[in-house]
Each structure stands twice: as C-alpha cells, then as structure tokens.
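Taken in order, these protein sequences are the chains called A and B. Just so it is clear: in the first sequence, position 61 is 61 by our numbering, and no numbers are missing. Throughout, our numbering is defined as the position within the second sequence, counted from one, plus 111.
To be clear, the hints were calculated from the coordinates, so they are not data collected in a lab. There could be a bad hint or two in this list.
Unchecked claim - Okay, the calculated beta carbon distance ranges per label pair:
1) R13/A to I123/B: 37 to 43 angstroms
2) S81/A to E141/B: 30 to 36 angstroms
3) E190/B to T76/A: 47 to 53 angstroms
What the hints assert, rightly or not - Chain B is nowhere near these chain A residues, computed Cβ spacing over 10 angstroms in every case:
4) G15
5) S61
6) Q79
7) K103
No residue lacks a Cβ here, since even glycine has one placed at the ideal position from N, Cα and C.
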Amino acid sequence: QQPVQSPQAVILREGEDAVINCSSSKALYSVHWYRQKHGEAPVFLMILLKGGEQKGHDKISASFNEKKQQSSLYLTASQLSYSGTYFCGTEIRGSQGNLIFGKGTKLSVKP
Amino acid sequence: EAQVTQNPRYLITVTGKKLTVTCSQNMNHEYMSWYRQDPGLGLRQIYYSMNVEVTDKGDVPEGYKVSRKEKRNFPLILESPSPNQTSLYFCASGMAVSYEQYFGPGTRLTVT
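If we strip away everything but chain B, and leave its shape as in the complex, we get (with noise of 0.2 angstroms):
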C-alpha cells in the first residue's frame, strides 16, 4: 500500500529534550517536505527536499533540522524544543511539488 508513514504519532517532551520525528514513504517519491499546522494559521512549510541530501528552508524553519540521505526517509529534527513548537506536524511527499502531495497521518508533539 502506497503509504507515507510518521513516528511517533503522539509525543509530549519538555524544553530542551533533542527529538526526531521520523518520516518514511514507499513511492519512491523525489520530492518530501515537513509542515507545521497551528489553528488558524493554516499548514506553514518548515523544510522540503527535492531530492536526496536537497534540502531547503521553507517559511518556518527556524529551531528545525532536517535531513535527506535516504530517498524514503526525510526526518525532522528538533535540537532544543521550546513550547513554542507545540504543534500538529505533517510529512508529504510527491514525485515532485508540481504533482500531488500525499500526507502522513501528522504528528502531534506538546512540549512543556
């Protein structure tokens, strides 16, 4: 099954705690990208990857790493979490950005 998959699903963490977000799909998709979803404002792109070790900012990337050494996998880093960054997080991929995105479940991550 064509699938983008993230993990955790949930995850609560207090300030400061180094965590990742892992993100992995199996269309052997170019393109992946990370989004941030706060309500009322919308989905705000962090990172994206057009393809491996590509990567670049999007609107919001500040306090977030990202790396792509793998076409499957692309995760989301986050060094020094502040609350700040309490969120719903998606990962997308595609065959490229001018192609359909398919999203993964989200990641809700609280930090304290």
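So here's chain A without its partners, still in its complex pose (with noise of 0.2 angstroms):
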C-alpha cells in the first residue's frame, strides 16, 4: 500500500527545476507533500483533495490526478534551500485516518 514515489534521488544546479512523482496502486482520496531537512521533522508543503486540482506555494506546484492515483510535486527554479526529502502521504479511499508516506526523494540542490 506504501506509495511509490521517483526518482529516489535527484542533484540539481541552482535555478533548475525538479519533478518528483507519487503513485499509487489505490484509490486515493487525498495527497500530502512533506520536507524534511537533515536532523530535523517533516514540514507541511501543500495537500490536494480533489482530482487534477493543482496547488502552488511559491514556486513549488503539485498536481493530482484522481483517475490514476497519481500525485506530482514541481520545483521550478530550484534554490538551496529546497534542498532535502520529499515524501509524498496517501489517504486512501474508505481508510480515512491511515496516512501511508512513501519512501521519499531525496533532492539535493547545488550551488
């Protein structure tokens, strides 16, 4: 059930933009993003509810699409400090309380 998510790992130049996928094999009825910074908890990016909805907080986006159980985080004109883990947490449909993360992305951002 734990979502996948890819790549598992990506190195980006300043300025240059990310994708990282989330999937799963279940009907999804929300998608979460979290990062979290070496030694430190998870910090909340954006949830999406509803199907192809697509949310923006600066200048990461997400999308999800309903019908594939597809959820996709967009960093555009990475900066230093997205540097981290992303993971990507499941509710799945008629399990609403069981958060499932997946196993994360690790996103390294160079100068």
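The two chains are supplied separately, each in an independent frame; assemble them into the complex guided by the hints.
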C-alpha cells in the first residue's frame, strides 16, 4: 500500500527545475507533500484533495490525477533551501485516518 | 507558540524494559498520530487517533500501544521493547487527517 516515489534521488544546480512523482495502487482520497531537512522534522508543503487539482506554494506546485492515483510535485527555479527529502503521504479511500507515506525522494541543490 | 512536543528526545534502554514516549499538542487538534522513521523506509504510521478515546492501528502497530484520554496528549507505550524497535519516532497532529500535519521534533530510541 505504500506509494511509490520516483526518482529516489536527484541532484540539481540552482535555478534548475525538478519533478517528483508519487504513485499509488489504491484509489486515493488525498495526497500530502512534506519536506524534511536533515536532522529535522517533516514540514508540510501542501495537500491535494480533488482530482486534477493543482496547488502552488511559492515556486513549488503539485498536481493530483485522481483517475491514475498519481501526484507530482514541481519545483521551479530551485534554490539551495529546497534541498532535503520529499515525502508524499496518501489517504486511501475508505481508510480515512491512515496516512501512508512513500519512502522519500532526496533532493540536493548545488550552487 | 503552536507546537507539538515529545519527551524524551533521546532514549537508550534495554530489551524488555517498559517505556513511554509522551506527545502533547497545544493547538486543540482532533487528529494525532505516531510514525517511525527508519533509513530507506520513509515514515511508517504506527497508530492514529481521530478524536479522544478513538484510536486505530496504522501500518506497523505490533509491539506498541497508545491511549487518547485527553485531546492534547497521545502517549506511545512500548511494553516490552526489542532491538527492532530502535528507530526515530515522530508524533504529529492536525485538525483532521486531511489537513496540515504538524510534526514534533522526534524521539530517537535505541534498544540494546
């Protein structure tokens, strides 16, 4: 049931763009995105509740394809502060309350 | 300041010695949950609570107990810890599961 994230790791130069994908085999009610920096707790980025919904957070946005049970996180013009591990969390329809996270995508932004 | 607190932050214990990790939030959140984080495995949910006196198993509940007698507190109990429970534990809270989750600072547990 754990969603699959891809890629597992990505290295960028400042200013480059990146896409992180999250895919589930189950029908989803919502998708959460969090970022965790080394030695810190995960921090909320955004949550998507409706099919096809796209939300933005500064230069970070995400989409949710309800039919495909997939979500993508888009990081535009990456900054050094974007470095960290990104996790998607999924709520499966019929199992509200159970938030299942993927294994994470490690993003490194170099100067 | 809105926050989730966990205690202790670090704990080294021996196999079989009962322990409790406390979690408290001051945001009047209905939903609380516990996760363990292990290298390469991501965050795995142990237990969650939709409201006071309502708790449910997450994906890895074996060896753990929880209680939710008050809205603000959600302690995690390991009645007989084993080395495979060595991990980094996070408590989180939110208005509901489909809202932003606020994570505590984490508790690093080592069981020898």
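Next item on the list: Could you work out which earlier hints the structure fails to respect and list their numbers in ascending sequence?
Entry: 7
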